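Undergrad: Working from the sequences, and respecting the hints, build out all of it.
There are 2 protein chains.
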Amino acid sequence: MAGLKQVQRQTGVALWRQIADRIRETIGNGTYDETGMVPPETVLALQFGVNRHTVRSALAALAQEGIVRAVQGRGTLIERKERLNFPITRRTRFTSGIGDQAREMRSLLLDEVQEEASAEVARWLGLKQGEQVIRLETLRQADKRPVSKATSWFPAARFAGIGEAYRKRESITKAFADLGLSDYVRATTEVTASHANTADLADLELTPGAILLIAKAMNTDLDGLPVQYSISRFAADRVQFTIEN
Amino acid sequence: MAGLKQVQRQTGVALWRQIADRIRETIGNGTYDETGMVPPETVLALQFGVNRHTVRSALAALAQEGIVRAVQGRGTLIERKERLNFPITRRTRFTSGIGDQAREMRSLLLDEVQEEASAEVARWLGLKQGEQVIRLETLRQADKRPVSKATSWFPAARFAGIGEAYRKRESITKAFADLGLSDYVRATTEVTASHANTADLADLELTPGAILLIAKAMNTDLDGLPVQYSISRFAADRVQFTIEN
DNA sequence: TATGGTTGTCTATATCAATAGACATTTAAA
DNA sequence: TTTAAATGTCTATTGATATAGACAACCATA
Chain A
1 MAGLKQVQRQ
11 TGVALWRQIA
21 DRIRETIGNG
31 TYDETGMVPP
41 ETVLALQFGV
51 NRHTVRSALA
61 ALAQEGIVRA
71 VQGRGTLIER
81 KERLNFPITR
91 RTRFTSGIGD
101 QAREMRSLLL
111 DEVQEEASAE
121 VARWLGLKQG
131 EQVIRLETLR
141 QADKRPVSKA
151 TSWFPAARFA
161 GIGEAYRKRE
171 SITKAFADLG
181 LSDYVRATTE
191 VTASHANTAD
201 LADLELTPGA
211 ILLIAKAMNT
221 DLDGLPVQYS
231 ISRFAADRVQ
241 FTIEN
Chain B
1 MAGLKQVQRQ
11 TGVALWRQIA
21 DRIRETIGNG
31 TYDETGMVPP
41 ETVLALQFGV
51 NRHTVRSALA
61 ALAQEGIVRA
71 VQGRGTLIER
81 KERLNFPITR
91 RTRFTSGIGD
101 QAREMRSLLL
111 DEVQEEASAE
121 VARWLGLKQG
131 EQVIRLETLR
141 QADKRPVSKA
151 TSWFPAARFA
161 GIGEAYRKRE
171 SITKAFADLG
181 LSDYVRATTE
191 VTASHANTAD
201 LADLELTPGA
211 ILLIAKAMNT
221 DLDGLPVQYS
231 ISRFAADRVQ
241 FTIEN
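Protein chains in written order, with the working numbering: chain A, 1 to 245; chain B, 1 to 245.
Simulated from the structure, these hints should not be mistaken for laboratory data.
Values in this document were obtained by computation on a predicted structure and should not be read as measured data.
It is possible that some hints are incorrect.
[To be verified] Covered stretches of chain B, as calculated for chain A (at least 3 residues, CB under 8 Å):
(1) 19–25
(2) 192–198
[What the hints assert, rightly or not] Simulated restraints, written as ranges between beta carbons of each label pair:
(3) A/T26 to B/Q114: 22 to 30 Å
(4) A/R93 to B/M37: 53 to 61 Å
(5) A/D33 to B/E65: 34 to 42 Å
(6) B/L77 to A/E131: 32 to 40 Å
(7) B/D183 to A/N29: 30 to 38 Å
(8) B/S118 to A/L46: 25 to 33 Å
(9) A/A70 to B/M37: 46 to 54 Å
(10) B/E112 to A/R123: 58 to 66 Å
(11) A/E112 to B/E112: 49 to 57 Å
(12) A/G161 to B/E116: 55 to 63 Å
(13) B/K144 to A/A119: 32 to 40 Å
(14) B/A119 to A/N51: 31 to 39 Å
(15) A/R91 to B/L222: 20 to 28 Å
Positions of the beta carbon are idealized from the N, C-alpha and C atoms, including for glycine.
TA: Written as structure tokens, this is what we have:
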């Protein structure tokens with residue numbers, strides 16, 4: 001482990017940030033579960049081939065995120081370690097998909113706008129460019145910790161008032177039900193990953209350089225008619241997707 | 001656009017790298033397709049709210065990656081811009097999945113090892129921990145550009161010699177066929193994203209801070225018996241996954 | 001051929017990132 | 001109570017990062 005160069009210099013990414021990212025991931029993998037602690041600073045410094053002060057900068061950043069807590073004389077304790085699993089199937093739903101992985105699920109409506117469909121949105125919803133659509137900006141939390149931010153479009157003609165319904169029920173499934181759509185299915189999902197922009201960084205409580213898993217999804221009713229197109233951004237260190245075919 | 005703070009300071013990620021990442025993504029989105037050029041350095045400096053020299057550092061990094069090429073007196077030309085699409089379905093195969101998106105596909109065998117199944121591998125392959133498995137390390141290229149690196153495990157009893165077959169045929173599907181397995185299906189796929197480690201950075205020709213899309217996949221034969229468990233790492237800025245349900 | 005717009009190069013300065021070493025403070029266990 | 005091991009704090013130095021300004025070199029075009 002000590003021989004492997006795990007960090008690189010002069011890449012525009014500070015060593016302390018590379019080390020912080022790697023320790024966060026190692027914690028997530030359960031490597032330190034036996035002790036519940038991160039190895040001593042001197043040991044980490046040796047492993048990564050850097051000065052102890054550099055390791056301290058990394059641990060300070062993780063402490064800021066609430067992932068570890070340093071106790072003088074004892075060591076650095078692991079405070080939090082989770083990765084939620086999202087099954088992606090024909091019957092994918094956010095809230096029930098989380099199931100018992102979190103105690104409290106919340107879905108907040110950040111913004112609601114009626115607008116003309118862009119070329120992309122029109123294509124996915126089977127509309128003509130310029131037709132009216134409703135766009136919702138939503139933020140989802142698991143146990144008060146932000147998990148994903150989503151932008152969703154709905155045909156305005158069919159789903160007038162979906163913003164208000166979503167605000168009340170905090171669920172797309174229930175909002176659809178209130179508007180007379182009792183069931184729907186996931187037709188396609190596209191998954192990519194990229195760096196977060198500043199707005200998403202803030203809402204998802206992430207640090208720059210953090211990664212987003214991005215899912216572009218289209219849902220249809222049981223007749224195959226598109227009812228929703230959405231772009232969801234997930235904090236990559238907090239989730240994984242599972243595709244069962 | 002100029003008002004939005006698109007980069008953040010004092011985060012351990014240098015401004016020039018944040019700007020490089022954002023320009024690379026903007027190129028990928030096709031925003032500059034009309035001119036085929038990146039905006040002038042002075043314009044970019046204004047947009048990002050930084051000094052022109054900082055923008056130049058970002059563009060130098062992108063030039064190093066072969067994405068742009070600066071021409072004195074004219075501007076900075078876009079050289080390359082691609083994102084391969086991988087459909088993930090019950091019949092997912094790497095080579096045919098790429099289809100006509102690339103001219104030349106190659107699959108290289110980096111390493112072959114027979115070993116005892118770890119707990120994770122045994123669970124996925126339906127074996128007992130410690131049973132013999134064959135592990136292949138492979139690198140896939142599209143038009144001589146590395147796209148993904150994969151680690152695959154196969155039950156050793158059933159697929160002896162699969163390494164040699166893969167080296168010859170450069171395809172899992174054909175290697176399976178050589179060993180008497182004419183057909184197989186994708187059972188499950190788990191998708192995550194994370195930062196690349198140093199070995200993957202080198203093999204995939206990436207820069208630190210780069211993102212990997214990671215697909216853990218399990219294939220079975222037509223009787224539902226597991227035949228392969230693999231962990232594939234994709235350069236996130238070169239691919240996207242499509243899940244059709 | 002003159003001009004405006006663009007990239008290339010140079011110098012100088014301030015701040016952040018990383019190393020190095022020394023010593024203090026706290027905790028747990030001998 | 002002593003000791004070892006761990007985190008906390010301080011000073012000092014070097015290299016990378018970012019800003020600022022000036023000017024050269026090159027290209028397309030009026």
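Undergrad: Compare the structure with each hint and give your call.
TA: Evaluation of the provided hints:
no. : hint                         : verdict
1   : 19–25                        : holds (count 4)
2   : 192–198                      : holds (count 6)
3   : A/T26 to B/Q114: 22 to 30 Å  : 28 Å, holds
4   : A/R93 to B/M37: 53 to 61 Å   : 44 Å, violated
5   : A/D33 to B/E65: 34 to 42 Å   : 38 Å, holds
6   : B/L77 to A/E131: 32 to 40 Å  : 37 Å, holds
7   : B/D183 to A/N29: 30 to 38 Å  : 35 Å, holds
8   : B/S118 to A/L46: 25 to 33 Å  : 27 Å, holds
9   : A/A70 to B/M37: 46 to 54 Å   : 49 Å, holds
10  : B/E112 to A/R123: 58 to 66 Å : 45 Å, violated
11  : A/E112 to B/E112: 49 to 57 Å : 56 Å, holds
12  : A/G161 to B/E116: 55 to 63 Å : 60 Å, holds
13  : B/K144 to A/A119: 32 to 40 Å : 33 Å, holds
14  : B/A119 to A/N51: 31 to 39 Å  : 36 Å, holds
15  : A/R91 to B/L222: 20 to 28 Å  : 25 Å, holds
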